[in-house]
Amino acid sequence: MVMLEETRTESGRMVLNMGPQHPSTHGVLRLMLELEGENVTQCIPDMGYLHTGIEKMSEARNYHQALVLTDRIDYLAPITNNLSYIMACEKLFDVGDKVPERAQVVRVILSELTRIASHLIWLGTHALDLGAMTVFMYCWREREQILDIMENISGVRMMTSFMRIGGLVADVPDDFAGLVADFVRVMPRKIDEYETLLSRNPIFIDRTRGVGVIARDGALEFGFTGSCLRASGVEFDVRVNLPYCGYETYDFDVAWSKEGDVYARYMVRMREMRESVRIIDQGAKRLLALNGAPIRLDDPRITFPKREKIHSSMESLIHHFKLVSEGPVPLPGEAYAAVESPRGEQATYIMSDGSNKPHRVRFRGPSFYNLQVLQHTIAGGLVADVVACIGSIDIVLGEIDR
Amino acid sequence: MVQQPPSEGATEAADETPPPPPTDIDLVIERFPGSFVPSWRYADQMPTVRVLPEHIREAISWLRHECPARYDMLVDVGGSHWPDRDEPFEVTYILHSMTTNARIRVKCAVAAHGDDLPVIPSIALIWSAANWPEREIYDMFGVEFTDHPDLRRILTPNDWEGHPLRKDFPLGEEPVEFYRSASAGA
Numbered sequence: 001m002v003m004l005e006e007t008r009t010e011s012g013r014m015v016l017n018m019g020p021q022h023p024s025t026h027g028v029l030r031l032m033l034e035l036e037g038e039n040v041t042q043c044i045p046d047m048g049y050l051h052t053g054i055e056k057m058s059e060a061r062n063y064h065q066a067l068v069l070t071d072r073i074d075y076l077a078p079i080t081n082n083l084s085y086i087m088a089c090e091k092l093f094d095v096g097d098k099v100p101e102r103a104q105v106v107r108v109i110l111s112e113l114t115r116i117a118s119h120l121i122w123l124g125t126h127a128l129d130l131g132a133m134t135v136f137m138y139c140w141r142e143r144e145q146i147l148d149i150m151e152n153i154s155g156v157r158m159m160t161s162f163m164r165i166g167g168l169v170a171d172v173p174d175d176f177a178g179l180v181a182d183f184v185r186v187m188p189r190k191i192d193e194y195e196t197l198l199s200r201n202p203i204f205i206d207r208t209r210g211v212g213v214i215a216r217d218g219a220l221e222f223g224f225t226g227s228c229l230r231a232s233g234v235e236f237d238v239r240v241n242l243p244y245c246g247y248e249t250y251d252f253d254v255a256w257s258k259e260g261d262v263y264a265r266y267m268v269r270m271r272e273m274r275e276s277v278r279i280i281d282q283g284a285k286r287l288l289a290l291n292g293a294p295i296r297l298d299d300p301r302i303t304f305p306k307r308e309k310i311h312s313s314m315e316s317l318i319h320h321f322k323l324v325s326e327g328p329v330p331l332p333g334e335a336y337a338a339v340e341s342p343r344g345e346q347a348t349y350i351m352s353d354g355s356n357k358p359h360r361v362r363f364r365g366p367s368f369y370n371l372q373v374l375q376h377t378i379a380g381g382l383v384a385d386v387v388a389c390i391g392s393i394d395i396v397l398g399e400i401d402r
Numbered sequence: 001m002v003q004q005p006p007s008e009g010a011t012e013a014a015d016e017t018p019p020p021p022p023t024d025i026d027l028v029i030e031r032f033p034g035s036f037v038p039s040w041r042y043a044d045q046m047p048t049v050r051v052l053p054e055h056i057r058e059a060i061s062w063l064r065h066e067c068p069a070r071y072d073m074l075v076d077v078g079g080s081h082w083p084d085r086d087e088p089f090e091v092t093y094i095l096h097s098m099t100t101n102a103r104i105r106v107k108c109a110v111a112a113h114g115d116d117l118p119v120i121p122s123i124a125l126i127w128s129a130a131n132w133p134e135r136e137i138y139d140m141f142g143v144e145f146t147d148h149p150d151l152r153r154i155l156t157p158n159d160w161e162g163h164p165l166r167k168d169f170p171l172g173e174e175p176v177e178f179y180r181s182a183s184a185g186a
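Heads up: the protein sequence lines correspond to chains X and Y, in order. Take the first sequence: its letter number 393 is residue 393 in the numbering used here, and every next letter is one higher. Take the second sequence: its letter number 152 is residue 152 in the numbering used here, and every next letter is one higher.
One or more of the hints may lead you astray.
[Said to hold, decoys possible] Among the chain X residues that face chain Y by a calculated CB cut under 8 angstroms, a handful are:
#1 G48
#2 H51
#3 E55
#4 K91
#5 D94
#6 K98
#7 E221
#8 V234
#9 N241
#10 P243
#11 Y244
#12 Q282
#13 R296
#14 P332
#15 M351
#16 Y369
[What the hints assert, rightly or not] Pair by pair, the computed Cβ-Cβ distance ranges are:
#17 P300/X with T99/Y: 42 to 48 angstroms
#18 V68/X with D168/Y: 22 to 28 angstroms
#19 D251/X with T146/Y: 48 to 54 angstroms
#20 F36/Y with M14/X: 50 to 56 angstroms
#21 P243/X with F36/Y: 30 to 36 angstroms
#22 L52/Y with G131/X: 51 to 57 angstroms
#23 P21/Y with D251/X: 46 to 52 angstroms
In short, the hints are calculated from the structure, not lab data. From a predicted model like this one, the values you see are computed outputs, not experimental measurements. In this text, a Cβ means the ideal position worked out from N, Cα and C, and glycines have one as well.
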């Protein structure tokens with residue numbers, strides 16, 4: 001990490017240290033800003049405060065065990081991390097197309113719920129950075145409803161680890177459909193409510209329009225994905241371009257915009273939340289038709305035997321013991337699997353050497369690539385725009401530092 | 001069941017079909033000597049080609065600007081360490097084409113360099129998206145990227161010793177041992 005030795009550079013410019021403990025850096029991001037009056041002349045981001053070595057730890061665990069670590073990468077959207085890891089494992093075990101449909105539908109519903117929950121945190125903190133306190137409280141209220149659903153299915157509010165290779169850890173409880181239906185009924189009106197507070201608010205517009213502009217070419221040059229890329233005029237969404245979990249069968253639109261400024265990123269995410277509600281609604285209807293269908297692939301290489309069988313059959317007990325102590329063993333090879341997380345293309349890249357532990361696990365965090373552009377957009381802007389830019393890129397430091 | 005011999009018409013039709021157009025992989029192999037498709041299982045079915053480190057910058061630049069598919073998005077740059085191989089380090093680039101919606105994976109094996117860090121040309125100057133990922137590979141695997149604009153450690157502190165994702169770097173975990181707990185008695 002770079003240490004600050006001088007508070008003034010030779011040219012008389014002030015060096016301002018922002019973070020790592022700063023509410024507007026959304027985690028432990030440290031920025032070194034060189035200022036000339038109110039203008040930022042240079043910005044050097046400094047990360048790594050949250051580096052936990054998740055990739056190294058995954059190499060020392062078997063394929064089932066590393067799953068719980070993936071929740072902690074992007075801690076605002078644990079489900080999508082689980083999903084990309086699980087999908088990479090499924091490709092490695094050649095069972096990617098054999099996952100039962102009910103499991104796929106639940107995966108889609110949970111991914112979209114996570115997307116809304118994550119966007120709500122983004123919206124609340126982003127508005128709070130720009131001085132709108134009320135939105136923050138409202139967003140937390142609706143996010144609570146999503147976390148209640150998560151708690152209802154898994155017993156955990158955030159780090160659910162609900163996915164398993166070949167399906168889900170358990171079926172969703174009976175009242176899941178009702179809770180989701182409640183949410184789908186309530187949410188569109190709540191999004192209207194946020195929009196009345198912000199979309200035409202002159203203060204919010206002054207702070208966001210024309211600020212932190214990233215054009216199409218810049219977005220591709222810096223490896224943008226997700227809402228940031230779409231706000232810069234590139235219609236790329238992993239759910240549409242490289243569909244997974246049956247996303248191609250759902251009816252939804254990809255929100256995008258041409259302006260590429262902070263306001264465009266705001267509008268894209270607001271529209272995305274509405275589209276997510278549409279997907280959840282369709283998914284909930286499909287789920288009703290699939291009542292009682294299997295939620296997990298039955299493949300003895302990966303799946304644990306049923307609990308009743310373990311108690312009654314010696315072979316099942318041995319099978320269970322082998323799967324727990326040794327873990328599933330894939331053929332040597334490698335697989336890359338990407339999902340559209342709330343922040344962009346979240347991917348897991350697993351290389352296997354044919355042993356029971358992955359040789360190398362790489363997590364592609366979209367925030368890691370999206371944040372690269374920051375030092376180029378905010379140089380030349382005002383100090384006050386720095387928080388608007390960071391907020392609109394929607395970073396999660398857990399994913400950048402891993 | 002008696003196997004029917006294929007009718008003459010079918011064979012003629014098969015003969016008449018032109019050879020499939022060269023894939024982007026074929027074009028890369030033709031253009032950059034020494035590149036080949038590694039014999040390895042790619043379970044995600046992504047087309048993969050390995051090029052020599054000295055060609056990597058031209059190859060990425062060609063795929064981005066001149067290749068018919070125009071791979072205009074750099075999705076990922078990642079490293080890996082295979083201590084048993086002759087060239088123990090590997091850098092993987094994944095590119096996406098907005099025009100054809102296809103992906104291609106370009107790999108580069110990097111030979112060890114004695115006690116010095118292994119060296120590979122950086123692509124950060126021709127594609128800014130590779131800047132931080134290359135710094136991460138430098139930090140985690142100790143692969144040096146020549147002509148990188150800002151090659152510093154990125155996730156570990158500047159005074160950190162060693163490269164954590166190398167296989168010879170200890171994990172620092174205590175192995176779990178099975179023992180009789182006090183509550184179990186005896």
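Practice prompt. Could you check the structure against the hints above and give me the numbers of any it violates, in ascending order?
Written response: 6, 10, 11, 12, 13, 23
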